[in-house]
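Peer 1: Following the hints, complete the assembly by docking chain L onto the known chain W.
Protein sequence lines correspond, in order, to chains W and L. Last residue of the first sequence: 430 in the working numbering, with the numbers rising by one and none dropped. Last residue of the second sequence: 430 in the working numbering, with the numbers rising by one and none dropped.
Don't read these hints as lab results, they were simulated from the structure. Ideal Cβ placement from N, Cα and C applies to all residues, glycine included. A few of these clues could be false.
[Unchecked claim] Heads up, incomplete: computed chain L residues facing chain W, CB under 10 Å, no partners named:
#1 Thr12
#2 Tyr75
#3 Met157
#4 Gly337
Number of protein chains: 2
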Amino acid sequence: MPKEFWDSKTETMPLKELKDLQLKRLKKLIQYVYNNNQFYNKKLKEANVKPADIKTLKDIEKLPFLTKQDLREYYPFGLVCTKIEDIVEVHASSGTTGKPVVGPYTKNDVDLWGEVMARSLYANGLRKNDILQNSYGYGLFTGAHGFEKGAQKIGAMVVTISSGNTKRQINVMKDFGSTAIACTPSYSLYMAEVAEEMGFDPKTDFKLKIGCFGAEAWSDEMRKNVEKRWGITAHEHYGLTEIIGPGVVSECKEKKLHINADHFLTEVISPDTGETLEPGNEGELVFTTLTKEAFPVLRFRTRDLAVYYEESCNCGRTHPLMSRIKGRSDDMLKVKGVIVFPSQIESALMKIEGISDNYQIVKTKKGDITSLSVEAEPTEDRWKQGKLDSFEKQAEDEIYSILNLHVPVKAIEPKTIPRSTGKAKRVIER
Amino acid sequence: MPKEFWDSKTETMPLKELKDLQLKRLKKLIQYVYNNNQFYNKKLKEANVKPADIKTLKDIEKLPFLTKQDLREYYPFGLVCTKIEDIVEVHASSGTTGKPVVGPYTKNDVDLWGEVMARSLYANGLRKNDILQNSYGYGLFTGAHGFEKGAQKIGAMVVTISSGNTKRQINVMKDFGSTAIACTPSYSLYMAEVAEEMGFDPKTDFKLKIGCFGAEAWSDEMRKNVEKRWGITAHEHYGLTEIIGPGVVSECKEKKLHINADHFLTEVISPDTGETLEPGNEGELVFTTLTKEAFPVLRFRTRDLAVYYEESCNCGRTHPLMSRIKGRSDDMLKVKGVIVFPSQIESALMKIEGISDNYQIVKTKKGDITSLSVEAEPTEDRWKQGKLDSFEKQAEDEIYSILNLHVPVKAIEPKTIPRSTGKAKRVIER
Numbered sequence: 001m002p003k004e005f006w007d008s009k010t011e012t013m014p015l016k017e018l019k020d021l022q023l024k025r026l027k028k029l030i031q032y033v034y035n036n037n038q039f040y041n042k043k044l045k046e047a048n049v050k051p052a053d054i055k056t057l058k059d060i061e062k063l064p065f066l067t068k069q070d071l072r073e074y075y076p077f078g079l080v081c082t083k084i085e086d087i088v089e090v091h092a093s094s095g096t097t098g099k100p101v102v103g104p105y106t107k108n109d110v111d112l113w114g115e116v117m118a119r120s121l122y123a124n125g126l127r128k129n130d131i132l133q134n135s136y137g138y139g140l141f142t143g144a145h146g147f148e149k150g151a152q153k154i155g156a157m158v159v160t161i162s163s164g165n166t167k168r169q170i171n172v173m174k175d176f177g178s179t180a181i182a183c184t185p186s187y188s189l190y191m192a193e194v195a196e197e198m199g200f201d202p203k204t205d206f207k208l209k210i211g212c213f214g215a216e217a218w219s220d221e222m223r224k225n226v227e228k229r230w231g232i233t234a235h236e237h238y239g240l241t242e243i244i245g246p247g248v249v250s251e252c253k254e255k256k257l258h259i260n261a262d263h264f265l266t267e268v269i270s271p272d273t274g275e276t277l278e279p280g281n282e283g284e285l286v287f288t289t290l291t292k293e294a295f296p297v298l299r300f301r302t303r304d305l306a307v308y309y310e311e312s313c314n315c316g317r318t319h320p321l322m323s324r325i326k327g328r329s330d331d332m333l334k335v336k337g338v339i340v341f342p343s344q345i346e347s348a349l350m351k352i353e354g355i356s357d358n359y360q361i362v363k364t365k366k367g368d369i370t371s372l373s374v375e376a377e378p379t380e381d382r383w384k385q386g387k388l389d390s391f392e393k394q395a396e397d398e399i400y401s402i403l404n405l406h407v408p409v410k411a412i413e414p415k416t417i418p419r420s421t422g423k424a425k426r427v428i429e430r
Numbered sequence: 001m002p003k004e005f006w007d008s009k010t011e012t013m014p015l016k017e018l019k020d021l022q023l024k025r026l027k028k029l030i031q032y033v034y035n036n037n038q039f040y041n042k043k044l045k046e047a048n049v050k051p052a053d054i055k056t057l058k059d060i061e062k063l064p065f066l067t068k069q070d071l072r073e074y075y076p077f078g079l080v081c082t083k084i085e086d087i088v089e090v091h092a093s094s095g096t097t098g099k100p101v102v103g104p105y106t107k108n109d110v111d112l113w114g115e116v117m118a119r120s121l122y123a124n125g126l127r128k129n130d131i132l133q134n135s136y137g138y139g140l141f142t143g144a145h146g147f148e149k150g151a152q153k154i155g156a157m158v159v160t161i162s163s164g165n166t167k168r169q170i171n172v173m174k175d176f177g178s179t180a181i182a183c184t185p186s187y188s189l190y191m192a193e194v195a196e197e198m199g200f201d202p203k204t205d206f207k208l209k210i211g212c213f214g215a216e217a218w219s220d221e222m223r224k225n226v227e228k229r230w231g232i233t234a235h236e237h238y239g240l241t242e243i244i245g246p247g248v249v250s251e252c253k254e255k256k257l258h259i260n261a262d263h264f265l266t267e268v269i270s271p272d273t274g275e276t277l278e279p280g281n282e283g284e285l286v287f288t289t290l291t292k293e294a295f296p297v298l299r300f301r302t303r304d305l306a307v308y309y310e311e312s313c314n315c316g317r318t319h320p321l322m323s324r325i326k327g328r329s330d331d332m333l334k335v336k337g338v339i340v341f342p343s344q345i346e347s348a349l350m351k352i353e354g355i356s357d358n359y360q361i362v363k364t365k366k367g368d369i370t371s372l373s374v375e376a377e378p379t380e381d382r383w384k385q386g387k388l389d390s391f392e393k394q395a396e397d398e399i400y401s402i403l404n405l406h407v408p409v410k411a412i413e414p415k416t417i418p419r420s421t422g423k424a425k426r427v428i429e430r
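Extracted from the complex, chain W is given alone in its bound form (with noise of 0.2 Å):
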């Protein structure tokens, strides 16, 4: 019988066994960090804490958060706990907005990330005979590197190309025969757009059947048209940089977010006040890196808004939750004091008919006031049949029901909003 899981022990440990587990690696990180590093070694003798006062899980709200402006100040090697002859790859994040964020790893951290990943990949259903193309960006992206080492420890095909030039990706897609694909759910949508430009029928030339996503922000709604378009299952991924790169959940057949609870120890707080919820509640994710060796985090604030949870699953895993990204406390606009996501225009966005998968979310601001409109790509047939009005009608009317807001929608021409290989911008300001 083939196996169901990729590490089956660890995955359907019970929860009480996890946590005994959680524990033993904190104590023994706290201690590893105060030893072996500057930065952490001052800031848990300010907080006060010794490693011996860890005595619970619940013991690490004693301990304070590790921020993005932490990172920026150590940039780039001074959270390091080990040598740096002991780093053997490093990836950072773009740094639009300063210094990058940079991931560096041990050879022990290399190992563990190709852990995490093949159980994510594992759970959506990659197995050994199947060839996935790895089109997300290769570089200092920490991205393509994750799916590559979890794709091979599961023994699969991987097929190299990194994102761009379409043609050639639908190409090898075709000759190849990839059965999965891994890169950012808008960036499937825009090869299918070229695909079919190309001739082809993305539901029925390929042998794809699974596909990777993630790196980007998208609606439950925009999954179920990628899965549509293409005829396949279509997998989220969730990781950072900071953390581990992609490898953080493994998405189950149920389209659950299982936490790898056994390497990242999560907690949900305030984002106003930072202090700690509940299980069940929404707010912002806090991630602890219980194994890794080169660059641990302590308590890092993600910006990213989510309920993390503890419930059973029929897939069978034991290991805790978190539902999807609702979005990141730094894409939240504000508007006549509505607090709104791009993922809720875009859920809302996404159930009108006649819709393509483009829009583009535009913010306006005059002097102190923010305002928002949309301009959304209708389908080439139902740019052809014209009576347009009613179209964004129907677009105001879904984000209303959503957001109790009035958002002026205009639809334009097909092919006129820029597709992008990587991130999709989802919001401009004009």
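Peer 2: Quick look at chain L alone, frame taken from chain W:
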């Protein structure tokens, strides 16, 4: 005492022993491809050779060559000798002149690749405490992946930056303290230009000491320029997607190219007649991969022209040598009955005072007659001095002294020839 070789036992093995090992592996290989691949089975039968007929290394000459044409015909996986599901990684050439060439690897092949790359990088001086900025373009192209595997095997830190965004390259080089760089030689020169524009002195403002260059033809003179410009030692790397990507040779401190002959059996043939030449003669390199599983090649005609020779080297390595590549038979130009390789023109140009590293060979065809001219950028200083006809005259004389051919040279304004982050385009047609 620090060790001198990555794999002392193999790299200093007496030549006689090495040849015994080659023969043993060759016999096994012939049996293997005969049993496991229809194409090879048919080819061997057509040549009337049974595996048992291979009794000496010389017997390889009984076998037919493998050509680019064969690879195209059996694209993508027709030459694979394992099950497709045993492949864990695939690379490919750009396929600009037809179907791409595909390089599939099993897990053992990947390990072998890492091993020969580790030998090569170690021979360049790369050690565990080095930081390798991997500026080859990641993607389907084989280069970056090979350097990553080899450097990680040594335990060096790999900065997976890929090519492009040159200002960022320079910032990372500075911030991370990169001690080694891997990229095309022409890209390293462009980086130096950008570093200077950013106010850095490439020689003194960085920790760089080792350059690992390849993927394009470059002359010894160009190598000296790169070394002077950056204050580093520049090493040549050689490889092909069909063989194993980079890692075919290890360049030692003496700047001799040692073929990793326990894995790659080398012949040199006359490109015209296909006849095997004695060591010491220049001809087309032909490789047989002795140990690859997924995609072994038997007598692959590379079209690369070089000399294969067996002599002792001061570095202590016993593996046979090859000269640097003079050019590919595809690159050969025939002008007024004279055979010209772009590398010869480069050698001539680099001898002139006041030349930058940027030049272009312009090929013009009128009916059956091909003529050549050269456009070369003087340095900024030389450009400002004026009297450029003496610059041009000197360049023409140097070229004449090598080729016995008059090739007009035109000095053109600095920074007008397009820079590349990958292979430089040295010959253009007008």
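Peer 1: Look at each hint and say if it fits the structure.
Peer 2: Verification of the supplied hints:
no. : hint   : result
1   : Thr12  : violated (27 Å)
2   : Tyr75  : holds (7 Å)
3   : Met157 : holds (5 Å)
4   : Gly337 : violated (40 Å)
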